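Novice: Based on the hints, put chain B in the right spot on chain A.
Chains A and B, in that order, give the protein sequences. Note that this note's numbering numbers the first sequence so that position 286 is 286, with each residue one more than the last. Note that this note's numbering numbers the second sequence so that position 223 is 223, with each residue one more than the last.
Since the hints were made in silico from the structure, they are not lab data. Just so it is clear, the structure is predicted and the values come from calculations on it, not from any experiment. A few of these clues could be false.
[As the list claims (entries may be wrong)] Keeping only pairs whose Cα atoms sit at most 20 Å apart, straight-line, the calculated SDA-like set for lysine to any residue is: (1) B:K244 <-> A:S173; (2) B:K222 <-> A:S173; (3) B:K298 <-> A:G40; (4) B:K298 <-> A:S173.
[What the hints assert, rightly or not] Simulated coverage check for chain A against chain B, where a stretch passes if three residues somewhere in it have a Cβ under 8 Å from a Cβ of chain B: (5) 20-34; (6) 84-94; (7) 167-178.
Ideal placement from N, C-alpha and C gives every residue a C-beta, glycine not left out.
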Amino acid sequence: MYRYVLRRLLYAIPTLLGITVLIFVVLRILPGDPLSILYGEGGVGSLSNADLATIRHQFGFDRPLYQQYGYWLKDLLTGNLGHTLARGDSVAEIIQERGILTGEIAVLAVLVSWLVGLPAGILSAMRQNSVGDYLARFCTILFLAVPGFWVAMLVVIGTLTAFNYRPPLGIISPWEDPIANLKIVAGPGGVLGLATSAYIARLTRSTFLEVIREDYIRTARAKGVRETMVVLHHALRNAVLPVLTISGVLFGFLLSASVAVEQAFAVSGLGTALVQAFQERDLLVVQTLVLLYGVVFVVVNLLIDLAYIWVDPRIRYT
Amino acid sequence: MAYSRGMRVRSTLLIQVPLLMLVAIVCGTAIAATDPGQALPTAPPAPAPPTPMLRAPERSPKYGGVLRWAGLADAPFFDLHQCDTAACATPLEPMYDTLLRYNPLDGGQTVIPDLAYTWEMSSDGLTYTFHLRDGVKFHDGAPLTADDVKASFDHIIFPPPGILSPRKSVFDAVQKVEVADPLTVQFTLSAPRSFFIAAIASGWNVIYRKKTLEENHFDLKKVKVAPGTGPFIFDSYQPGQVWKMHKNPQYWNPELPYLDGLEMHHLPYGPATAAALLTGQVDYAYGLGADTRADVQKQPDKFTTVTYGIPSALGGYINFSHKPLDDVRVRKAMNLVLDRCVIKKSTAAIREINYGMWMPSSDTAHAQAYREAAFNHTPGYYCPTKPEDIAQAKDLLSQAGYPNGNGLPRLDIMVRNINFLVAWGPLLQAFLKQHLNIDSSVRTVETAVWVDDWTKGNYDIGINGNPATVNTPAEYWKKWYGTGSSGNWNRGASNPQFDALVEKIRAESDPEQLDDLIQQGTKMLDDWVPALVFGDAVIIDGFTQQLKGCDRKDRVTLFDDNRFDTCWLDR
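Next comes chain A alone, as it looks inside the complex (with noise of 0.2 Å):
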């Protein structure tokens, strides 16, 4: 199991530096110089060429490539994540106050798909070819299709317009406000979580149907063993393998999606710190979100896989 672990582990590290290495050389082929952002139009008209050179120099954008990206690396193995191009502020920050946020929109996301999609995967596929199954059918249909950006605009604007009510102001962390803090997340993980439950219900569906036309289950119910039983204690566990393995999926999927998710809802999380870093041109910035968010994708799918063993008993690894 330990050995399992490490081996997951060594094998994460060219993961992670091919992450790396593609983020790195595709902001570079990307057009749009960082100085012309910070500097603006005018500034940049207004600044000589030997006063570029020099802000160029300062900013290390004069170096070979492979130096850059050298320097990045051992910034990062130094536990050195820098600090923002323009305002100097510093990332490892930036990522401890909003990563909470996006960390808390993910999991709730997670936790509402499964509370949606599972139930409705389970129902759907014991009254197959039914009203609920049709209903659920065109329910999950519907939240894979829709955009969830296009959801959330849909929820600020009706919440706005019904309630008038909008989700607090700024950041603040669940230890300060817990629920002040629910508000900012519950928007965006709600969504999130809708259009994640689509897959789940989807998934469950399918491997119900095939889990309970097994033996054992008509061996379970032969002895006469609650429907419930069947279906919660005999079925599901069996069935919500693959469901846990397409969670760790779409918990890369979150990650990303959350950054249009965020913007819609205003939201201050690390989508909305990387697409204004990307529009910035802040390469290191979006270079590390970038990074980190590998990293936890990388985590969380090895997690998943430990949670196999607790799902099923007779899974080991070696």
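Specialist: Relative to chain A, chain B alone:
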């Protein structure tokens, strides 16, 4: 283009030196309550600051409360001298003072004393002497001296290498700034500048400590708590979120500020700020957006809205270095087929703009008569576009060697990715194709790409918005259309005759002469067409009825009146 002088508004306070002197006198009486003689050019320096000072217009303003403000407050950096976006001006200006200031009680239409309680101009208009208030202290306890004023203006006018100064051209005539004594500072100009006092009073020109500037090598971009002398003191700042400030108990004006503090939340322009206001999360919303203004106006018992222009030119910036755009006939033809009403309507749901003309509507002192006379009365400004104008445009294109648009290369229209600007790319494309058979492609690009391609000249027409500092053609014409100006985004555009005319305007203080010169300028621009001006920007603010002392219904300036020191909350 001809228009009657009688139609003109004579409120040219900001550009006419004699009237500015009158303003100084008036300010001395009504606000500074100094001996009127002290403000006259020949008067000796006054020995002590006058009283009473600026206060809220209401009889019994209340003290206390925190004003919660929402709008653009995500400053890209913290040096007001180097910055040129509202996102810097709004959150930073409450912590600083300027030498003179625009009067917050009349929307910034006049200039009143600030750190300088009085000033004098020499008879030749080449020397300005400012007398500072005694006893003013920076937030770190250091006293304000003339050295700080000199260091601040040197930072703006003569920036060291690598330091930006987007507005230094406004002070192009300033030869030197000198300290006459610890509380007197003197500016020497090489030529008279009619708008000098207006430029000095700009909210951007805050006074920093000399020591702060020196310690940071004159670069305060990353110094978020550079001490000021302003009515509010920095408390905290969350990047992209909120600025918090508290009242300066040692403020040199003992009456101000009334508020205990300010919370300035960063929210993007448009519905987000309106939602924050409607739900009571903030008291003041900057930049409501045209679509959400109506929602706020539905509750007149709770909220007030104000609409004001900012000196700006929004539209298509022409790359003169690309043929055939160097041909004035082609540019004039394109300008003639623009339907300015359609352009205005195209963004009405998102962003209100005023009709695009050579002088923005925000310049109430000079532009009103010109705009009234030209709009819907002269070629190029009819709504809808007149068939005669279209015929003339086609004729011009034929004369340029492109009959029915034949032989013209496909134009590259580059649009900066800002919601209301995005609509204008296809619109310009449609005007050019429909009336002149000119083919073009539209590419909407991020700001970084826009600036990059603009710098490299990789575009034919670039759609963007360009603000100015002072509401006078003496400043904005030089910035937008002057040869070599960093704000002239029409790449390669140069008209020595126009440059010479603008220099005359910059030096002219006689109202009659100035009117004539401005009229010549609009005519010259009509004949030259350095840009395709689609509109000028309008800002819509909304605020609670409980906010008093800073009614901004006559506001004419965006960047210069963000201090909130006369505001109070009636709670």
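Novice: List in ascending order the numbers of the hints, as given earlier, that are violated by the structure.
Specialist: Numbers 2, 3 and 4 - these are the hints that the structure violates, sorted from lowest upward.
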